[in-house]
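**Q** Single-letter residue listing:
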Amino acid sequence: MSHRSLLLGTAAALALFAGPALAEGPTIKIGLAASLTGDFAPYSEAEGARCMADQLNKAAGPDDPKIEILIEDSRSDAQLSVSLGQKFLDEKAQVIAGVPFPDALIPMSQMAASYGATVYSAPNTQVEMHEVGLDNFIAGAVPDPMNAAATAVAVAAAGGKATVILTSEDGASWSAKTPEWFGEALEKTGGKVVGKLAYSFGTTDWSPQIAEIKAFADKPDTVYVCGPVPDVGILVRQLRSNGFDGIVAGCDGFDDPSLEETVGNPAYLDKVMFATHGVMGDGGQIDQFIAACKAAGYKVNGIFDALGADMVQVVYDAAKASGSDDPVKLREAIRASDGSKTVMSDNLSFKEKLAYPVKTIPVIGFKDGKRVVIADDVPVFVPYLK
Amino acid sequence: MDYAIQQIVNALAFGSEYALLALGLALVFSIMGLVNFAHGEIIAVAGYSVFFAVALGLQSVLGAVTIAIVMGIVTALVFERVAFRPVRYAPTTTGLLTAFGVSIVVQNMLTLFVSPKARAVPVLGPLNQTFFIGPYAVSSLQLLELAVTIVAIVALVLFLNRSLLGLAIRAAARDFSTVRLMGVKANRVIATGFALSGFLAGVVSVFILARRGSVEPDFGSAPVIKAFVACVLGGFGSLAGAAVGGMVLGFLDVAILVALPQKFGGLRDALTYFLVGVVLFWRPQGLLGRTVELGDKEV
Numbered sequence: 593m594s595h596r597s598l599l600l601g602t603a604a605a606l607a608l609f610a611g612p613a614l615a616e617g618p619t620i621k622i623g624l625a626a627s628l629t630g631d632f633a634p635y636s637e638a639e640g641a642r643c644m645a646d647q648l649n650k651a652a653g654p655d656d657p658k659i660e661i662l663i664e665d666s667r668s669d670a671q672l673s674v675s676l677g678q679k680f681l682d683e684k685a686q687v688i689a690g691v692p693f694p695d696a697l698i699p700m701s702q703m704a705a706s707y708g709a710t711v712y713s714a715p716n717t718q719v720e721m722h723e724v725g726l727d728n729f730i731a732g733a734v735p736d737p738m739n740a741a742a743t744a745v746a747v748a749a750a751g752g753k754a755t756v757i758l759t760s761e762d763g764a765s766w767s768a769k770t771p772e773w774f775g776e777a778l779e780k781t782g783g784k785v786v787g788k789l790a791y792s793f794g795t796t797d798w799s800p801q802i803a804e805i806k807a808f809a810d811k812p813d814t815v816y817v818c819g820p821v822p823d824v825g826i827l828v829r830q831l832r833s834n835g836f837d838g839i840v841a842g843c844d845g846f847d848d849p850s851l852e853e854t855v856g857n858p859a860y861l862d863k864v865m866f867a868t869h870g871v872m873g874d875g876g877q878i879d880q881f882i883a884a885c886k887a888a889g890y891k892v893n894g895i896f897d898a899l900g901a902d903m904v905q906v907v908y909d910a911a912k913a914s915g916s917d918d919p920v921k922l923r924e925a926i927r928a929s930d931g932s933k934t935v936m937s938d939n940l941s942f943k944e945k946l947a948y949p950v951k952t953i954p955v956i957g958f959k960d961g962k963r964v965v966i967a968d969d970v971p972v973f974v975p976y977l978k
Numbered sequence: 080m081d082y083a084i085q086q087i088v089n090a091l092a093f094g095s096e097y098a099l100l101a102l103g104l105a106l107v108f109s110i111m112g113l114v115n116f117a118h119g120e121i122i123a124v125a126g127y128s129v130f131f132a133v134a135l136g137l138q139s140v141l142g143a144v145t146i147a148i149v150m151g152i153v154t155a156l157v158f159e160r161v162a163f164r165p166v167r168y169a170p171t172t173t174g175l176l177t178a179f180g181v182s183i184v185v186q187n188m189l190t191l192f193v194s195p196k197a198r199a200v201p202v203l204g205p206l207n208q209t210f211f212i213g214p215y216a217v218s219s220l221q222l223l224e225l226a227v228t229i230v231a232i233v234a235l236v237l238f239l240n241r242s243l244l245g246l247a248i249r250a251a252a253r254d255f256s257t258v259r260l261m262g263v264k265a266n267r268v269i270a271t272g273f274a275l276s277g278f279l280a281g282v283v284s285v286f287i288l289a290r291r292g293s294v295e296p297d298f299g300s301a302p303v304i305k306a307f308v309a310c311v312l313g314g315f316g317s318l319a320g321a322a323v324g325g326m327v328l329g330f331l332d333v334a335i336l337v338a339l340p341q342k343f344g345g346l347r348d349a350l351t352y353f354l355v356g357v358v359l360f361w362r363p364q365g366l367l368g369r370t371v372e373l374g375d376k377e378v
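Protein chains in written order, with the numbering used here: chain B, 593 to 978; chain P, 80 to 378.
One or more of the hints may lead you astray.
What the hints assert, rightly or not - Taking beta-carbon pairs under 7 Å as the criterion, some of the chain P residues facing chain B (in silico):
{"#": "1", "residue": "ASN89"}
{"#": "2", "residue": "THR190"}
{"#": "3", "residue": "PRO195"}
{"#": "4", "residue": "ALA197"}
{"#": "5", "residue": "ALA199"}
{"#": "6", "residue": "GLY204"}
{"#": "7", "residue": "PRO205"}
{"#": "8", "residue": "TYR215"}
{"#": "9", "residue": "ALA216"}
{"#": "10", "residue": "ARG291"}
{"#": "11", "residue": "GLY344"}
What the hints assert, rightly or not - Label pairs and their calculated CB-CB ranges:
{"#": "12", "chain 1": "B", "residue 1": "LYS679", "chain 2": "P", "residue 2": "MET188", "range": "20 to 28 Å"}
{"#": "13", "chain 1": "P", "residue 1": "LEU191", "chain 2": "B", "residue 2": "GLY708", "range": "32 to 40 Å"}
{"#": "14", "chain 1": "B", "residue 1": "GLY873", "chain 2": "P", "residue 2": "ILE87", "range": "37 to 45 Å"}
{"#": "15", "chain 1": "P", "residue 1": "MET188", "chain 2": "B", "residue 2": "GLU944", "range": "45 to 53 Å"}
To be verified - Below, a list of computed lysine to any residue pairs in the SDA-like style, where the Cα atoms sit at most 25 Å apart:
{"#": "16", "chain 1": "P", "residue 1": "LYS342", "chain 2": "B", "residue 2": "ALA809"}
{"#": "17", "chain 1": "B", "residue 1": "LYS962", "chain 2": "P", "residue 2": "GLN208"}
{"#": "18", "chain 1": "B", "residue 1": "LYS806", "chain 2": "B", "residue 2": "PRO849"}
{"#": "19", "chain 1": "P", "residue 1": "LYS342", "chain 2": "B", "residue 2": "GLU723"}
{"#": "20", "chain 1": "B", "residue 1": "LYS811", "chain 2": "P", "residue 2": "GLN86"}
{"#": "21", "chain 1": "B", "residue 1": "LYS788", "chain 2": "P", "residue 2": "ALA349"}
{"#": "22", "chain 1": "B", "residue 1": "LYS806", "chain 2": "P", "residue 2": "VAL144"}
{"#": "23", "chain 1": "B", "residue 1": "LYS788", "chain 2": "P", "residue 2": "LEU339"}
{"#": "24", "chain 1": "B", "residue 1": "LYS811", "chain 2": "P", "residue 2": "ALA349"}
I should point out that these hints are in silico values taken from the structure, not numbers from a laboratory.
Heads up, the beta-carbon is just placed ideally off N, CA and C, and yes, glycines get one too.
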């Protein structure tokens, strides 16, 4: 045997034995048709997801999973979300998400089913997604009826007994039904709904609705609305300047850092309260994560970025547990897990409900213009959900 | 009764804003035959100019109003010079497409270079104070809108009827070629029309900012759709029609909001457009529009 043959043989033997040691963990692709622009841009989870993926990838060992985030702007458009979802599936994404509303997520889930992929919508709260029997859909947030119930308990505790609810068809059940569920839960506490009014997203002049509120025979002490900022911030400002000093309550749509600036006068925020997904402003895990991401150059905005980060953490943990990049095994691992330690929760688990987590719901109020947590419980009575 | 009067005040405020918006569109259309859907982006640029000025330390309401109006005029003139002048002699559909193009480019630039999210601009808040006259809550902004709309209409009518340039604009709206044969410079007439339109856009931007307290890239585009409907309703090409169309649309909006049962709230826009359709079925040329020969379309 020549010297050269001996070297080649040795190299081949080394390569053969080194094979398993060089094996890498699975690479998981998460495709986000994110609302980088348009109506739902304040509620995008994309930057938080990117930041968390970066943190996990940097900390990962050679056998650990790698997370690859694919992001395209859906312009808050449902149809564009669906098209982008198809593109991500063609790029072999195991997990996809789009505009967090059923008109985007239901067709995306149906499409993803044939690929075995999962639609994991971090900010989705709408009950429609849990009613149509989609096996491959997971929401990162609790459904709206739970959010509404938590708010009702807090409103009742603050003395709210008679509410006007404002509904809009523009955000499907999120903006149309959540107020109804709030009313139902408030009635359970002994309160009542004294009036219902309609509005459209993009409303900048609430004068007609405010005139109606003032004209009700039963004077309301609470106004409830589930809509986006700046609309809800403008409503608070105009209600206060028209002399309404009761409670203004709402849902996670209020949870954008621009709410306070939109309202303007810090005194107007007294008796404003809303249920959301996690506590910020207390220097806790979420604040630390957001600060770290900002320092790393990510344009994170708030609580919805933390939801995006949680999604990446949950997927990462599932990939690690399953040791596979197979999308079906990944989903099974997510649902089988006893829980992940995430930015927003010490134990985020989908084991009980499979399609959404069960966790406490913080209700945020204001003191001297600053956010404070006024409740953080799992509501006992939850309307609509069986 | 109190309630009805309160809602009439609200409808007047809605109508005033729509009328101002519609006048801006109608001015340019009457001169160039162009439906300038980029009018919304003139409003947006005026709003963002105030945002930048505030970021640089501006605190004065008067300063913010001046900046919005000046930037409205400048932006309208820039759009005319850069985008619309090159297609002045092209078919109207080319002009329409150019307007959409300008609108999308500006929105995308604001999204990319500023932010897709709303940015707070609280400086004009003092313009929007609520006070009570007996049982009626009246916003200073509502009164301002109504007053400014009336002044704007009167000033426009005087300008168009009494000044040489105004007469040239009116004549150009009828027959541009003849006006040019009489020595009037087309560029001057059209630029003046755009400048007036930009002035109105700046004023509307002030009102929207004062009420909303924030700017975002599609800040002006949604209101312009309402303005377009108001123009069609009043009769495209007629300045008086634009003002009347805006007012009627404002009253329709409030009346439907108030009268429609809550469970049919989602049909509000559909009902508005249905009623506009009914009016146009009765008067296809709009409330104050001229009948235009559209040719024989009999089967």
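**Q** Just to be careful, I want the Cα atoms of LYS962 (chain B) and GLN208 (chain P) compared with a cutoff of 25 Å; is the pair within it?
**A** Satisfied, since the Cα-Cα distance of roughly 24 Å is no more than 25 Å.
**Q** How does the Cβ-Cβ distance of GLY873 (chain B) and ILE87 (chain P) compare with 37 to 45 Å: does it lie in that range?
**A** At roughly 44 Å between Cβ atoms, ILE87 (chain P) and GLY873 (chain B) fall inside 37 to 45 Å, so the hint holds.
**Q** Let's test the interface hint: is any C-beta of chain B closer than 7 Å to that of GLY344 (chain P)?
**A** Holds. Min distance 2 Å.
**Q** Going by Cβ atoms only, is THR190 (chain P) closer than 7 Å to chain B?
**A** holds (5 Å)
**Q** Is the hint on ASN89 (chain P) kept, meaning its closest Cβ partner in chain B is under 7 Å away?
**A** Check passed: Cβ of ASN89 (chain P) comes within 4 Å of chain B, closer than 7 Å.
**Q** Report holds or violated for the interface hint on GLY204 (chain P), using the least CB-CB distance to chain B and a cut-off of 7 Å.
**A** holds (5 Å)
**Q** Is the interface hint satisfied for PRO195 (chain P)? The criterion is a beta-carbon contact with chain B at less than 7 Å.
**A** At about 4 Å, which falls below the 7 Å cut-off, the nearest Cβ of chain B leaves the hint on PRO195 (chain P) intact, so it holds.
**Q** Given the proposed pairing of LYS806 (chain B) with VAL144 (chain P), does the C-alpha separation stay at or below 25 Å?
**A** violated (32 Å)
**Q** When you take the CB atoms of LYS679 (chain B) and MET188 (chain P), is the distance between them in 20 to 28 Å?
**A** holds (25 Å)
**Q** So if I understand the rule, the pair passes when the alpha-carbon distance is 25 Å or less; does LYS788 (chain B) with ALA349 (chain P) pass?
**A** holds (20 Å)
**Q** For the pair we were handed, LYS342 (chain P) and ALA809 (chain B), check the Cα-Cα distance against 25 Å.
**A** Judged against 25 Å, a Cα distance of about 20 Å means the pair holds.
**Q** Are ALA216 (chain P) and chain B close enough, Cβ to Cβ, to be under 7 Å, as the hint says?
**A** holds (5 Å)
Checked against the numbered hints above, the structure breaks hints 7, 8, 18, 22, 24 and satisfies the rest.
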